[in-house]
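Counting in numbering that gives the first Met the number 0, the sequence shown runs from 0 upward without gaps.
Simulated from the structure, these hints should not be mistaken for laboratory data. One or more hints might be untrue.
[To be verified] Calculated lysine-lysine pairs in the BS3-like style (CA-CA distance at most 25 Å, straight line):
#1 Lys152 <-> Lys108
#2 Lys397 <-> Lys152
#3 Lys35 <-> Lys113
#4 Lys231 <-> Lys71
#5 Lys376 <-> Lys350
#6 Lys35 <-> Lys112
#7 Lys38 <-> Lys376
#8 Lys173 <-> Lys397
#9 Lys164 <-> Lys108
#10 Lys152 <-> Lys38
#11 Lys222 <-> Lys376
#12 Lys376 <-> Lys71
#13 Lys376 <-> Lys223
#14 Lys223 <-> Lys44
#15 Lys397 <-> Lys274
#16 Lys274 <-> Lys292
#17 Lys231 <-> Lys376
#18 Lys223 <-> Lys71
#19 Lys35 <-> Lys152
#20 Lys402 <-> Lys350
#21 Lys152 <-> Lys173
#22 Lys369 <-> Lys269
#23 Lys71 <-> Lys350
#24 Lys164 <-> Lys113
#25 Lys219 <-> Lys71
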Amino acid sequence: MTNKQAKITTNPVDGRYGEVYGGQYVPEALMPELEKVTKVFNELKDDPAFNREFNDLLQNYANRPSLLYYAKNMTEDLGGAQIYLKREDLNHTGAHKINNVIGQGILAKHLGKKRLIAETGAGQHGVATATIAALLGMECEIYMGQVDTERQKLNVYRMELLGAKVHAVTSGSKVLKDAVNAALQEWARRSDDTFYLLGSAVGPAPYPEMVKHFQSVISKESKKQLQERTGKLPDAVVACVGGGSNAIGSFAEYIAEPSVRLIGVEAAGKGIHTKQTAATVENGSVGIFHGMKSLFLQNDDGQIDPVYSISAGLDYPGVGPEHTALNESGRAQYVGITDDEAVQAFEYIAKEEGIIAAIESCHAIAYVEKLAPTMRKDQIIVCTLSGRGDKDVASIAKYRGVKIDE
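With the sequences and hints as input, model every part of the structure.
Shown next, in the form of structure tokens:
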């Protein structure tokens, strides 16, 4: 971490966090659309009628509030801190992604749009976007790296069942960053009737703020639920980080609570000292990409490096600008977990708690396995399970050399 005296940010100023991160670095043709989105978001986020519709769908469609589950077996096995799991994997569509797409989907209708486009890595954001498009009667097209369409075939089929057209992106490394590129290009080409429903806390302002706003329901609920059960705040909140939507939603209500440690867990892939990693905060440098200024894995010439993780959802070369500011200020810390450690955690939580969690979430579980034994028994960890792991079963079996029918 650097510059521990930097300002801790909870809300951006003119779309920037920590004064320099974020911003709007997009083609001139997109600026009028970003201005419209910013204006409507600022009008709607405190509008009672909008919030009634948003909260009604969260409760009656997405199945919120999600459980805050006491992981008794893990707590007893690991010794040390009590472990609570925020069960976003139990949401409709199986991931935290549904929270954000409901909010942005309604917003798109207010903008008069008839067509949604989105990028996706693991497919969970694509499935959630296709779902809300079906519910709201809108057209839907999803951009997904060709590599990810192969390792997440089940979610590709789900999107198509829901009526979406899935584009396999064959440029670049054929993963999430290339899907974002393709979606941004399509939005610039056809913004008159199309809304870009961005899934992570990245991109040009106001997307990082908007995604955090809609995902903050995770930490609002966990704070209330834990206080009702224990009368306490957690001592640590742990969440996986790719672009950072799950983590920023898990952190949001605790950023102003200095007693709560905030820990983001990145995908270290084959190791942070190798080229096969996606540990952006640990290995990245400041740059501009996908419409924002933040930390990215890049070479000395500013070209984005290839990234790697067993997890398609964490396979992104950057991180949202608020995470960069939180890291720089020292308010949050970011750690890396390797593929091997995440796969071990995938198997561990299944056997200990009977939960098959997304491989993304298992990066956070792997760090909880290290952290809990170092803490006292009266201390509490809240770890967010961002999604369910049925989509990853075939990949884990392949990783272990087990042949199964997909």
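Structure-based check of each hint:
This hinted pair does not check out: lysine 152 and lysine 108 have alpha carbons roughly 30 Å apart, beyond 25 Å. Distance check on the hinted pair: lysine 397 and lysine 152 sit about 14 Å apart at the alpha-carbon level, within 25 Å; holds. As the CA atoms of lysine 35 and lysine 113 are separated by approximately 16 Å, the hinted pair is consistent with the 25 Å bound. Using a Cα cut-off of 25 Å, the hinted pair lysine 231 and lysine 71 holds, with the two alpha carbons roughly 18 Å apart.
Restraint check for lysine 376 and lysine 350: the C-alpha separation of about 22 Å stays at or below 25 Å, so the hint holds. Under the criterion of a C-alpha separation no larger than 25 Å, the hint pairing lysine 35 with lysine 112 is consistent with the structure, at around 12 Å. Taking the CA atoms of lysine 38 and lysine 376, the gap is about 48 Å. The hint is violated against a cut of 25 Å. For the hint linking lysine 173 to lysine 397, the alpha-carbon distance of about 20 Å falls within 25 Å, and the restraint holds.
At most 25 Å may separate the alpha-carbon atoms for a hinted pair to count; lysine 164 and lysine 108 meet this at roughly 20 Å. About 38 Å separates the Cα atoms of lysine 152 and lysine 38, which puts this hinted pair outside 25 Å; it is violated. About 19 Å separates the Cα atoms of lysine 222 and lysine 376, which keeps this hinted pair within 25 Å; it holds. Distance restraint check for lysine 376 and lysine 71: the Cα-Cα separation of roughly 12 Å lies within the 25 Å cut-off, and the hinted pair is therefore satisfied.
A C-alpha spacing of about 21 Å is found between lysine 376 and lysine 223, which places the hinted pair at or below 25 Å, so the restraint holds. For the hint pairing lysine 223 with lysine 44, the CA-to-CA distance comes to about 21 Å; that is within 25 Å, so the pair holds. For a cut-off of 25 Å, the pair hint linking lysine 397 to lysine 274 stands: about 22 Å separates their Cα positions. Proximity of lysine 274 to lysine 292 is assessed by CA-CA distance (about 23 Å); at most 25 Å being required, the pair is judged to hold.
A distance of roughly 14 Å separates the Cα atoms of lysine 231 and lysine 376; the hinted pair therefore holds under the 25 Å criterion. As the CA atoms of lysine 223 and lysine 71 are separated by approximately 20 Å, the hinted pair is consistent with the 25 Å bound. For the proposed pair lysine 35 and lysine 152, the alpha carbon gap of about 35 Å is over 25 Å, so the pair is violated. Taking the CA atoms of lysine 402 and lysine 350, the gap is near 20 Å; set against the 25 Å cutoff, the hint holds.
Using a Cα cut-off of 25 Å, the hinted pair lysine 152 and lysine 173 holds, with the two alpha carbons roughly 15 Å apart. Restraint check for lysine 369 and lysine 269: satisfied, since their Cα atoms lie roughly 18 Å apart, inside the 25 Å limit. For the proposed pair lysine 71 and lysine 350, the alpha carbon gap of about 13 Å is at most 25 Å, so the pair holds. For the hint linking lysine 164 to lysine 113, the alpha-carbon distance of about 15 Å falls within 25 Å, and the restraint holds.
Restraint check for lysine 219 and lysine 71: the C-alpha separation of about 23 Å stays at or below 25 Å, so the hint holds.
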